[in-house]
Amino acid sequence: MRYKLFKEIADSALFGSFMKADPIPRQGRPTREDRMNTGTTILAFQYKDGILLGADRKTSFGYIRTKSLGAIKIHRVSPLTCVAFAGVVSDAQCLLDLLIRVNKSFYSRYGQMLTVGGQVNFLSKHIRCYCAENEQFTAEVIIAGCTLAGEFEIYEIGLDGAKYKFDYVTLGSGGDDAESVLHESRKLIRDKTLTFEQALNLATRALYKSGVKDNCSGDLRMACPSIATITVDNGAQFIDNEVIRKERDAVVREEESKDV
Amino acid sequence: MSKKTVGIRSKSNKAKRFKSPGMGLDIAGTGALEEFLKKKLDAKMRLKDNFVVFIRTKTGGIFICGGDVESEFVAHQNFLIALTGYSSGEVHEAKSVIHAITEDWPFSEDDLHPTVVLSSMSAYLKAVMEDQGTSQGLAVEMILIGPSDFIRIYTTGDYQIDNPDELDEDYFIVGCYDDKRKKKLLDELFNLIDPTKEMTDEKMTEVITSLKNKFKLPYVGLRIAEFSS
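Top to bottom, those sequences are chains Y and L.
Numbering (this note's numbering) for the first sequence: 1 to 260.
Numbering (this note's numbering) for the second sequence: 1001 to 1229.
Extracted from the complex, chain L is given alone in its bound form (with noise of 0.2 Å):
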């Protein structure tokens, strides 16, 4: 893979950044919509290559983060969080909102549920794209674990929420909006990793090693999460 057609700052990527806009609407005017969409495309594109994925397993689950940045996993007892950003400004923005959260929290320690970080994150992301103030939005992206919640909230503050118990797939990713590279990654990780499958010390090593390897990722991260619901 060359950096030309991977690297986000190569300039032949840029050219194209804000061509299709999305939802019909000519990019070409002017205002608040026009400044609002460069800004949601332009977190999306700055999130190419970096990426959190998640692998349903029997009593969790695997959390693979990679990318030009460190990740960073934020833990409670109700939930873990894996999330990932184009800078690591950005990631300690967001991981800065997570704890404010947590350490204020006025009820008691059971009470903060995935959903509340959720619901204070997506507001916070969906504030920070929609504020004409602000030139760029926050390009973080991250997946929340619970017993009860698995939870995507993206750049944008959309957010989706399923059932652990009844998600179709065992394969999730966020962040990575380069679909070619996507296909790569999950194929690549499909195929070092089996999810009945006890995962080993030999075997983390060997899925960062290749990920490292292959993607020419600086950093790659595992942790497993397991809950007993």
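In isolation and in its complexed conformation, chain Y is listed as follows (with noise of 0.2 Å):
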């Protein structure tokens, strides 16, 4: 009796059911082939004051069709922590909802917030815990955040929940070709001296070259990207679209005048 006790009481505690996968029979679920494939190109890299994240807005459907120009890939999920997903829209969705559940709950329950390491260690477990028992989750994350020691983080969790710790990292069809510009800045990332506006151009180069390279990944040219920032100052926060557009501009024009 005071075994099941104990088990009830152990598992509602240790958040036992959202680590419990959703029991979709194999059989049911559609195969990779079957779903839609989104395309797409995000990056994550520590600079001077934190850590910058940048993302393109395109969703595809297919590998033909255009979704939206407008979607957001980037999330705050808790004050000092962001999210970025690639990869199928439902399955990015449902890790994000869970990500979200599971930091409210765990401050409420604890009234402490959820640190990063934290935050990446559950989703990864979660991952692999349906991968596992289902199919995989389509979806790569990044997670960069700042603990209340005022360190930087920046993770990537692969589609079979392997966490990796990065000082940059990009994720995506376009990843290859983002990370491609980012790794010629290497230096400056490991050593943290990029300033806010050099972070900003970087990214949005990375993000450009994705764009005209990567059939999946949105082109600049036709989106603005959506760029976020978390600062020990403050926190999880979102780019002001004006200032994004600005550079957007700057840096097309620069890459376009190349051609000529």
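Hints should not be assumed to be uniformly reliable.
[What the hints assert, rightly or not] Each computed DSSO-like pair below joins lysine-lysine, with the alpha-carbon atoms no more than 30 Å apart:
1) L/Lys-1038 <-> Y/Lys-4
2) Y/Lys-7 <-> Y/Lys-104
3) L/Lys-1197 <-> L/Lys-1044
4) L/Lys-1044 <-> Y/Lys-7
5) L/Lys-1040 <-> Y/Lys-4
6) L/Lys-1044 <-> Y/Lys-104
7) Y/Lys-7 <-> L/Lys-1095
8) Y/Lys-125 <-> L/Lys-1044
9) Y/Lys-104 <-> Y/Lys-4
10) Y/Lys-7 <-> L/Lys-1126
11) Y/Lys-4 <-> L/Lys-1126
12) Y/Lys-104 <-> L/Lys-1095
13) Y/Lys-7 <-> L/Lys-1038
14) L/Lys-1095 <-> Y/Lys-4
15) Y/Lys-7 <-> L/Lys-1040
16) Y/Lys-187 <-> Y/Lys-246
Keep in mind that the hints were calculated from the coordinates and are not lab data.
Please dock the two separately framed chains into a single complex, following the hints provided.
Below is the structure:
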């Protein structure tokens, strides 16, 4: 009897209900080929004041059609944490919803905010559990945030739940193109010497390149990217569209002048 | 102090055990409420002798545990727990609840706050106490201290949270439901330990020996908790 009580209480304290994967039978879940595929470019890197995250705004419908040019792929899940998704929209929405609920639930239960590392561990385990029981999530995740000690952390969670910690990371179908731009500035990123203006320029250039090269990432000339920062002073916040638009126009002009 | 007045198994104490249920309710009735009150009182009576005392110091505090059974300390980077119980089985059961939480914790170590242990432990003690399938509650009480939380958990599942920086007193106790003994114990500790002075090895030995001899305690444990908030 006590063992039963113990199990019930332990499960509730460990967010057991969240950890259990939805009982979707394997044959009932569409295969990856059947599903709408979404190409994306998301990126995050460290700069002088904190972390900058960027993403394109395009949602593809299959390989040919464009569903939307206004999608927001970066989300603020807690005052000090942002998350960005690349992959199938439904999976990304499901994971985002889960993360928001867990953050709220943790705060209301224990009176403390969940750390970035804690969120990464939780999401990684959840994806891993799901992957083992059913088909894997077709969504890659960047979680970036600031710890209460004022340290900045960027994590990538892969399709199978594997987690990695980086100074900069790019994901999605256009991730390789964006990474080639960030790679050129890797020393500045590691040393955290980039100012906000330089970081904004770097992110815009990276997203421009991926938009031009990758069919499934949004072209900057058609849709302005979304960019967010995480700093000690202001926490996680989105950059004003006007600021991004100005930078986008400058980068586009600069890149197009190279073709002439 | 004679064994007759202190011993929890003495006949004179047993007779008094269920006389005062509290809450102004008549214990003569039957049913779940009576069982619940009996279990609650029984758990407290079983904890007559065993105690955990916390003495606040400038850098943290001193835990002193004593009783018929060996008390347990559970240490983590975010908190320190001192727990005592009526029997070693009950102490072990409480400790296993704490370990189950810490071992399977799905978040990070930094997220394992004292309030997490409080939440689970309080729920467990309450569930055991209110469960009609078990004849006895879990006679275990504990003190948790973290950088920003000072928590006392009682055998009924009730708890008390304080901010360590805003405490009015320096001496805190759980267990030891014999009022006379509790007063004597606190007086003795007040004389033995000065919270403003450093606790040396000699002083620790002196405190332990004194408590063992004066209160006839087979087990006395002492641990110093320091926090760099």
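> For the pair supplied as a hint, L/Lys-1040 and Y/Lys-4, is the alpha-carbon distance within the 30 Å limit?
Replying inline: Holds, at roughly 21 Å.
> Is the straight-line distance between the alpha-carbon of L/Lys-1044 and that of Y/Lys-104 30 Å or less?
Replying inline: violated, 37 Å
>> Can you confirm whether the C-alpha distance between Y/Lys-7 and L/Lys-1040 stays at or below 30 Å?
In response: holds, 23 Å
>> For Y/Lys-104 and Y/Lys-4, compute the direct alpha-carbon distance and say whether it is at most 30 Å.
In response: With Cα atoms ~27 Å apart, Y/Lys-104 and Y/Lys-4 stay inside 30 Å; holds.
>> Tell me if the straight-line CA distance from Y/Lys-187 to Y/Lys-246 falls inside 30 Å.
In response: Holds, because 26 Å separates the two Cα atoms, which is no more than 30 Å.
> Hey, L/Lys-1197 versus L/Lys-1044, does the alpha-carbon distance stay inside 30 Å?
Replying inline: violated, 34 Å
> Holds or violated: Y/Lys-7 with Y/Lys-104, Cα cutoff 30 Å?
Replying inline: holds, 23 Å
> Do the alpha carbons of Y/Lys-104 and L/Lys-1095 lie within 30 Å of each other, as the hint requires?
Replying inline: holds, 28 Å
> Do the alpha carbons of L/Lys-1038 and Y/Lys-4 lie within 30 Å of each other, as the hint requires?
Replying inline: holds, 23 Å
>> For Y/Lys-7 and L/Lys-1126, compute the direct alpha-carbon distance and say whether it is at most 30 Å.
In response: holds, 14 Å
>> Given the hinted pair Y/Lys-7 and L/Lys-1095, is their Cα-Cα distance within 30 Å?
In response: Given pair Y/Lys-7, L/Lys-1095 holds - Cα atoms ~15 Å apart, limit 30 Å.
> Given the hinted pair Y/Lys-125 and L/Lys-1044, is their alpha-carbon gap at most 30 Å?
Replying inline: Since the Cα atoms of Y/Lys-125 and L/Lys-1044 sit roughly 41 Å apart, the hinted pair is violated (cutoff 30 Å).
Comparing the model with each earlier hint shows violations of hints 3, 6, 8; every other hint is respected.
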